[in-house]
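Student: Protein chains in written order, with the numbering used here: chain A, 1 to 405; chain B, 1 to 277.
Hints are supplied without guarantee of correctness; some may be wrong.
[As the list claims (entries may be wrong)] Calculated lysine-lysine pairs in the BS3-like style (CA-CA distance at most 30 Å, straight line):
hint	chain 1	residue 1	chain 2	residue 2
1	A	K6	B	K40
2	B	K210	A	K3
3	B	K274	A	K3
4	B	K268	A	K3
5	B	K2	A	K6
6	B	K103	A	K2
7	A	K278	A	K337
8	A	K3	B	K272
9	A	K68	A	K157
10	A	K2	B	K2
11	A	K6	B	K151
12	A	K6	B	K210
13	B	K40	A	K3
14	B	K6	A	K2
[As the list claims (entries may be wrong)] Chain A stretches covered by chain B per the calculated footprint, using a threshold of three residues with CB under 8 Å from any CB of chain B:
hint	segment
15	2-15
16	82-90
[Claimed, not checked] So these bits of chain A aren't anywhere near chain B, every CB distance computed over 10 Å:
hint	residue
17	T24
18	N162
19	L220
20	T236
21	T387
22	K405
It is worth saying that the hints were derived from the structure and are not from the lab.
All values derive from a computational prediction rather than experimental measurement.
Ideal placement from N, C-alpha and C gives every residue a C-beta, glycine not left out.
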Amino acid sequence: MKKYWKMTVTIIVIIVSIGSFYLTNKVAADQNPDVTIETTSGDMAEIKSLVLDGSFFDSSSKSSTQVKITAEGTNRNNNSFLNRLIGNPPTVIKDLRQKNRNFMRGKDPIENLFFENDQFLAYANVSYQTSGSLQSYNYQFDISILNKEESKTDSFKLQVPNQTMVEHVLMEDVQIIGGELKLITQNMTRDNGVNNTEQHVYTVDIASQQISGDEAVLKLPEDQGDTQMNAQLIQTSPLQDDENLIFMVTESSIKKDLESTRFESVQKEMVTYNLLTKETTSIELPEDIQTTDNQASFYDGEMIYFVKTEGGKLIVTSLNQESGKEDTSFEIELPYKLKDQNPPLMTIDNGKVYVATRSMNQNQKAFVVAVDTQTGKLLYSGELAVTSAEEMEEYVLYLYELSVK
Amino acid sequence: MKSYLKLVNFEWNRVTRLFAVLLGITFVAQMIGVIVQANKYVKMADQSINVDLMPKAQFLQDFGQIDFVRVVRSVWFMGPIMLCIAGVAFYIFFIWYRDWFGKNTFIYRLLMLPTSRLNIFLAKLTTILLMTFGFVAFQLMILPLENVVFKSMVPAEFRLDFGTREVIRRVPELGLIIPSSIVEFFLYYGAGLMAVSIIFAGILFERSFKWKGIILGAGYATVAVFAFISPLLLQDFVLNGFLYPIELLLLEILAGLIVLGVSIWTSKYLLKQKITV
Numbered sequence: 001m002k003k004y005w006k007m008t009v010t011i012i013v014i015i016v017s018i019g020s021f022y023l024t025n026k027v028a029a030d031q032n033p034d035v036t037i038e039t040t041s042g043d044m045a046e047i048k049s050l051v052l053d054g055s056f057f058d059s060s061s062k063s064s065t066q067v068k069i070t071a072e073g074t075n076r077n078n079n080s081f082l083n084r085l086i087g088n089p090p091t092v093i094k095d096l097r098q099k100n101r102n103f104m105r106g107k108d109p110i111e112n113l114f115f116e117n118d119q120f121l122a123y124a125n126v127s128y129q130t131s132g133s134l135q136s137y138n139y140q141f142d143i144s145i146l147n148k149e150e151s152k153t154d155s156f157k158l159q160v161p162n163q164t165m166v167e168h169v170l171m172e173d174v175q176i177i178g179g180e181l182k183l184i185t186q187n188m189t190r191d192n193g194v195n196n197t198e199q200h201v202y203t204v205d206i207a208s209q210q211i212s213g214d215e216a217v218l219k220l221p222e223d224q225g226d227t228q229m230n231a232q233l234i235q236t237s238p239l240q241d242d243e244n245l246i247f248m249v250t251e252s253s254i255k256k257d258l259e260s261t262r263f264e265s266v267q268k269e270m271v272t273y274n275l276l277t278k279e280t281t282s283i284e285l286p287e288d289i290q291t292t293d294n295q296a297s298f299y300d301g302e303m304i305y306f307v308k309t310e311g312g313k314l315i316v317t318s319l320n321q322e323s324g325k326e327d328t329s330f331e332i333e334l335p336y337k338l339k340d341q342n343p344p345l346m347t348i349d350n351g352k353v354y355v356a357t358r359s360m361n362q363n364q365k366a367f368v369v370a371v372d373t374q375t376g377k378l379l380y381s382g383e384l385a386v387t388s389a390e391e392m393e394e395y396v397l398y399l400y401e402l403s404v405k
Numbered sequence: 001m002k003s004y005l006k007l008v009n010f011e012w013n014r015v016t017r018l019f020a021v022l023l024g025i026t027f028v029a030q031m032i033g034v035i036v037q038a039n040k041y042v043k044m045a046d047q048s049i050n051v052d053l054m055p056k057a058q059f060l061q062d063f064g065q066i067d068f069v070r071v072v073r074s075v076w077f078m079g080p081i082m083l084c085i086a087g088v089a090f091y092i093f094f095i096w097y098r099d100w101f102g103k104n105t106f107i108y109r110l111l112m113l114p115t116s117r118l119n120i121f122l123a124k125l126t127t128i129l130l131m132t133f134g135f136v137a138f139q140l141m142i143l144p145l146e147n148v149v150f151k152s153m154v155p156a157e158f159r160l161d162f163g164t165r166e167v168i169r170r171v172p173e174l175g176l177i178i179p180s181s182i183v184e185f186f187l188y189y190g191a192g193l194m195a196v197s198i199i200f201a202g203i204l205f206e207r208s209f210k211w212k213g214i215i216l217g218a219g220y221a222t223v224a225v226f227a228f229i230s231p232l233l234l235q236d237f238v239l240n241g242f243l244y245p246i247e248l249l250l251l252e253i254l255a256g257l258i259v260l261g262v263s264i265w266t267s268k269y270l271l272k273q274k275i276t277v
């Protein structure tokens, strides 16, 4: 044994030194803090299906941890190699991947590109090729449809019609309605030197895998001088049938002052398009909605909600989609102060509007509230609390997704 | 097993002098680096505060506190690390060629040993691995020591303290040789082991077929690298992102193990059948 001493010493040193480094590393990772929601008023049951996704950043150790906060507590996902590799897609995508692992392969993790009902799970995206001069060509729809009953997946590609005019195509939403696949896109086109933005609805016959219809729902003219038009599709959950598409068409103009140049909306109009009857109707919006920026809009298949915060108040206006009439509208004082420039995370689900602040640190608290959209009653309010094994001097918690399971 | 250990011990004893010299250089140079950097800062602070009569708060605001990361980023610190890497790279070749071109064609005696010739190959591979891990282990041991010296030289109010782990996190170059997680440690050094096995096979091609062998060896290395990255190429150009990242990682590990296995097998074959002295 004596003649092996150099080798033995080397091996022992290697194992002890490297081993202890990674062992203490693991201990340090286990000391990450917990984030919990502490009720200040209301019943915690009101937020039991709420999920807050965020990342926790400890300034002293420069380490960040992915956190998933629910009424039950925190689920931590430290920033380990494997977690970074797996990535952190939106909750909807994560659920879809769990249930349909094979179907979800090679699909962009973007909610709007998916549609699911009892019978089908569908995905559509636009692919194109780029040539050397960065010109894009050969626009195609990549479509996959999973028939749940037969557990059979059909994947096919279709050429986007009118290729010569197309400058770019963006997939905005995917729906299956009346047995047909509807692809809602925003097309940038160029025709005789004039640029246009058009909202298209392509109808795809699922059985024959052919495009059977192409409707230009909206055509927006080119930017003229100081004014600019844009149309935004109000997104709904991909797991929901929507007979109607709702576009918010905003005309905005450049406002210049000493400090900045920005766009300010001048006029807003809401256009609905019925996917079955192919009818377009426009809805006049109430005055106060027309003139405010910075508000979130939601559509649940029946009502359209406009939510914003202003001076510590939460203002919710709802419109009935069919009649275009204002239904309910209320404002309530939030139990916490908010800065107007930084709108909080908001979502509406099942008659409740949920609001949560985007960040918290050692000096500034974060909160969660749930409000009934019909009555405007504050159902729940709570604060986020950080508990950690060690004293932390500085930390930041960023919340980036608020979703309802 | 016994003869393998004997051979490793034998190879290790042959490299200890070079190894010890490199460790010595590393330790001395890095210590000098700590002292030089800390001194430079302390002198500057002394000059500003005591001679130019700048208020302490003003000085800290203008020049900031000094931290160990600044020391690590200096050439005194990174230089020896580079030297050790170069040393390992050099020795990967030297460990074979010294046996042919040394004083008394040593390979002749090695090949005559009454043991599988594969053991010679494995012993040399193990030696390279021991050398590499030895440097990493040594660096991990002297980092806290250097940190202590650094702290003793700069008064607390002028410095920002980081532990070894934070220092490594803040210097990505250091993170390459000391990854932050054990999984990455095995992945990085596993890939390194595979690369060394490819180079070894290439060297044995050259030793077996001389000039023609260089071309064969280069060809083998190209094929091996291609085989190793083939899952990545397939994922991007053929499968269009079909595989989930975790599956791709497993396939990569598998490809790496296959390349390692084939390299070892090829080397065994060459050592047994084709090698010339």
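Student: For which of the previously enumerated hints does the structure constitute a violation, in increasing order of number?
Tutor: 1, 2, 3, 7, 9, 11, 12, 13, 17
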